[in-house]
Amino acid sequence: MRILLDNFTKKFDDVMVINNMNLEVRDGEMMALLGPSGCGKSTTLFSICEIYQCNGGRILFGDRDVSNVTSQHRNVGVVFQNYALYPHMSIFDNIAFPLMVKKMPAEQIKKEVHKIAELVHIGDLLERKPSQLSGGQQQRVALSRALVRKPDVLLLDEPLANLDAKLRLEMRSEIRRIQQETGITAVLVTHDQVEAMSMCDRIALMDHGKILQVTTPNDMYHNPQTDFVAGFLGNPPIAFLDGVITNGQIQLKDSAIQLPLPSRVPVQPDGKIVRLGVRPEYFGNQAGIELQGQVSFVETQGRENLYDIRLGNGAVLRSIQPVRADAGLGDSVSWPLDTEQILIFDDQGQRVA
Amino acid sequence: MSDKNSSNFKSWPVTLILGLFSVPLLVMYLYLFIDTFTNTAPGSLIPNELTFEHWRFLWETEPGTVSIWQVTLNTLIFASVMTLVILSVSLTAGYALSRLNMPFRRFFLAGVLTLHAFPTVTLVIALFIVLQFLGLYNTLIGVIFIKAALMLPFGIWVMKGFYDTVPWEIEMAGVQDGASRFMVWRLLVLPQIKPGLIALGVFSFLEGWSEYLMPQIFAPEADVQVLSVYLASLIADDQKFDFNLFKSIGLFYVLPVIVLYLVFQNKLMNIYGGGSKG
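Residue numbers (my numbering), protein chains in the order written: chain A, 1 to 353; chain B, 1 to 278.
Think of the hints as simulated: they come from the structure by calculation, not from any bench. There could be a bad hint or two in this list.
Claimed, not checked - Each computed DMTMM-like pair below joins lysine to aspartate or glutamate, with the alpha-carbon atoms no more than 25 Å apart: (1) B/K194 <-> A/E127; (2) A/K129 <-> B/D164; (3) A/K103 <-> B/D164; (4) A/K129 <-> B/E171; (5) A/K150 <-> B/E169; (6) A/K150 <-> B/D164; (7) B/K194 <-> A/D6; (8) A/K110 <-> B/E171; (9) A/K129 <-> B/D242; (10) A/K102 <-> B/E171.
What the hints assert, rightly or not - Residues of chain B clear of chain A, computed beta-carbon distances all greater than 12 Å: (11) T65; (12) H116; (13) T120; (14) L127; (15) W157; (16) V166; (17) W168; (18) E171; (19) D177; (20) G178; (21) S180; (22) L188; (23) Q192; (24) K240; (25) L251; (26) Y261.
Bear in mind that the values here come from a model prediction, so they are computed numbers and not experimental data. Glycine residues also receive a C-beta, built at the ideal position from the N, C-alpha and C atoms.
Full structure from sequences and hints, please.
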């Protein structure tokens with residue numbers, strides 16, 4: 001079911017956390033609320049399920065205004081970061097709890113619980129207690145409990161934060177699979193861009209209580225609207241260079257290097273201050289303008305190496321490329337920069353092109 | 001908890017020292033027990049005669065006194081009703097103070113803590129006047145109210161501590177699952193603070209069972225006497241001074257405490273463990 005936040009506002013006492021936010025999560029879509037900690041993403045999530053009451057604006061499920069509907073009647077499934085399983089109940093009772101509250105007949109509860117347990121692959125754990133389960137299994141239980149009463153929307157609050165790296169990878173695809181099989185509308189809160197990009201249809205990137213950009217992971221990666229978005233997405237992160245438009249070209253700050261504007265960029269006035277965003281994959285790989293620099297840092301990532309190259313003016317560019325023997329720490333290198341792929345922002349951080 | 005000693009720590013010296021310090025206590029308990037079944041010649045430590053006459057209070061009541069069973073019943077009513085009052089009020093008040101965003105929460109918290117440390121004796125005269133005025137002087141109800149009220153700050157504080165250890169996400173999850181706040185409390189929160197509930201219950205009962213001052217002041221008359229007051233009136237009587245009878249009733253009085261303590265000693269530790277799950 002579609003979720004619409006319409007001028008949603010949330011204050012804690014006198015502290016404005018979210019001011020007039022507008023966001024639409026389409027029916028059947030998985031949307032990520034991505035942002036650094038303290039940006040208001042969890043506040044938004046908890047307002048959707050009425051753990052926090054909104055102080056202004058409306059929240060709509062489908063066409064129904066639920067702003068003043070209590071949690072119990074919103075029909076929202078929530079998976080908490082620490083799973084919040086009921087420790088004194090068996091897994092079966094945990095999953096059955098929402099149905100029991102609804103006073104569903106015991107026979108039917110049994111059927112529904114087994115059905116969801118099969119879907120989530122925990123069919124053989126139903127007799128156990130939560131403390132006897134591993135983190136990944138507890139996560140699955142939390143997911144089945146949230147899904148068992150067929151909620152209109154599913155909310156996930158940092159569901160992978162408490163798992164180890166390998167399980168995180170596994171649960172990432174599992175949650176996505178279950179979301180797609182059930183076709184439920186889901187909102188995922190995370191500070192991990194990899195989770196957001198790999199699991200969700202669209203990402204809403206937030207900072208300081210504001211949504212900066214809402215789009216597909218792919219589009220957000222390649223077409224960030226601000227330098228903050230560009231910096232937040234991508235691992236290893238994007239590198240920024242300062243420059244000035246001179247004679248229709250980009251003159252790097254404190255250096256003689258001139259780079260041509262990408263061909264898609266309209267003519268820029270001379271003297272305009274710009275920030276260039278260079279993703280590591282576009283430096284040192286393709287053909288382009290050769291830049292001289294010194295290797296200041298090498299990080300081994302297995303298949304690839306990450307190199308930091310310090311240019312003549314002190315700015316640092318990152319390059320990710322297959323392991324090569326000719327570039328060690330301190331070596332001077334001359335690598336090509338694919339200028340067509342440079343992202344250009346103005347001095348306010350807004351994207352120029 | 002494991003009983004195993006770490007390798008750089010031997011337990012026997014500690015056991016020995018603790019044992020030595022405990023010997024006087026143990027000897028006292030031993031003589032308390034021996035003396036109730038024997039007679040000893042004056043000046044001797046070794047009993048010379050086995051007898052049950054010191055336990056005769058169990059089956060016969062001396063004229064002018066109340067039956068021991070009436071007094072025991074009084075004590076039982078006093079301790080258990082008081083426990084009930086403390087449990088029910090602490091359970092709800094503790095939850096409110098721990099969880100609900102109610103007005104004057106800080107004021108109540110500070111008040112509870114202050115009252116907890118308040119010296120009871122200073123209230124005696126005021127309480128006496130209030131009881132007299134309400135017509136509850138020399139009744140069990142009156143003294144139950146007083147003792148329960150005086151113990152409530154402790155009970156509320158302990159229960160609040162236990163509620164604080166229940167993660168709020170569990171309650172929020174319950175609410176999201178469609179349960180009302182009351183259902184969440186009863187089905188999801190209460191089972192998790194059960195150790196605290198049991199500990200506080202046993203503690204209150206023992207406290208009530210051993211209470212002397214309040215019943216002595218506010219319910220001294222024979223038909224509402226509790227065991228502690230009865231025992232005190234026994235030695236207050238200068239005419240017939242029977243040490244062994246006193247000891248027998250004392251043993252009779254302390255037996256339930258020892259039994260309760262042995263059964264619940266692990267649960268009682270919960271109160272001092274700050275409410276971690278035992």
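Hints, verified against the model:
About 22 Å separates the Cα atoms of B/K194 and A/E127, which keeps this hinted pair within 25 Å; it holds. Between the alpha carbons of A/K129 and B/D164 the distance comes to roughly 22 Å, so the proposed pair stays at or under 25 Å and holds. Restraint check: the Cα-Cα separation between A/K103 and B/D164 comes to about 30 Å, which exceeds 25 Å; the hinted pair is violated. Proposed proximity of A/K129 and B/E171 is supported: the alpha carbons are some 18 Å apart, at most 25 Å.
Pair hint A/K150 plus B/E169 holds up; C-alpha atoms about 21 Å apart against a cutoff of 25 Å. At most 25 Å may separate the alpha-carbon atoms for a hinted pair to count; A/K150 and B/D164 exceed this at roughly 32 Å. Under the criterion of a C-alpha separation no larger than 25 Å, the hint pairing B/K194 with A/D6 is inconsistent with the structure, at around 44 Å. Only pairs whose Cα atoms come within 25 Å are accepted, and A/K110 paired with B/E171 is accepted, the gap being roughly 24 Å.
Between A/K129 and B/D242 the alpha-carbon distance is near 59 Å, which puts this suggested pair outside the 25 Å criterion. Simply put, A/K102 and B/E171 have alpha-carbon atoms about 17 Å apart, close enough for the 25 Å limit, and the pair holds. Every beta carbon of chain A lies more than 12 Å from that of B/T65, the smallest distance being close to 50 Å; the non-interface claim holds. Taking the minimum C-beta to C-beta distance to chain A, about 30 Å, the non-interface status of B/H116 holds against the 12 Å cut.
Every CB of chain A lies more than 12 Å from the CB of B/T120, the least distance being 37 Å, so the non-interface label holds. Consistency note on B/L127: stated as away from chain A, and its beta-carbon is indeed over 12 Å from all of that chain's, at 41 Å minimum. The beta carbon of B/W157 is kept farther than 12 Å from every beta carbon of chain A, the shortest such distance being approximately 24 Å. Annotated as non-interface, B/V166 brings its C-beta within 12 Å of a C-beta of chain A; the closest such distance is 9 Å.
The beta carbon of B/W168 sits about 9 Å from the closest Cβ of chain A, which is not more than 12 Å, so the claim that it is off the interface is violated. A Cβ of chain A approaches the Cβ of B/E171 within 12 Å, the least distance being about 9 Å, so the stated non-interface status is violated. Look at B/D177: its CB is around 4 Å from the nearest CB on chain A, not clear of 12 Å, so calling it non-interface is violated. Under the 12 Å C-beta cut-off, the non-interface status given to B/G178 relative to chain A is violated; the minimum distance is some 5 Å.
Separation of B/S180 from chain A is inadequate, the least Cβ-Cβ distance of about 7 Å not exceeding the 12 Å criterion. At the 12 Å boundary, the C-beta of B/L188 falls inside the reach of chain A, the nearest C-beta of that chain being 5 Å off. Taking the minimum C-beta to C-beta distance to chain A, about 6 Å, the non-interface status of B/Q192 is violated against the 12 Å cut. Listed as outside the interface, B/K240 is consistent with that label: its C-beta sits roughly 56 Å from the nearest C-beta of chain A, beyond the 12 Å cut-off.
Listed as outside the interface, B/L251 is consistent with that label: its C-beta sits roughly 40 Å from the nearest C-beta of chain A, beyond the 12 Å cut-off. No beta-carbon of chain A comes within 12 Å of the beta-carbon of B/Y261; the shortest separation is about 26 Å.
Violated hints, listed in ascending order, are 3, 6, 7, 9, 16, 17, 18, 19, 20, 21, 22 and 23; each of the other numbered hints is respected by the structure.
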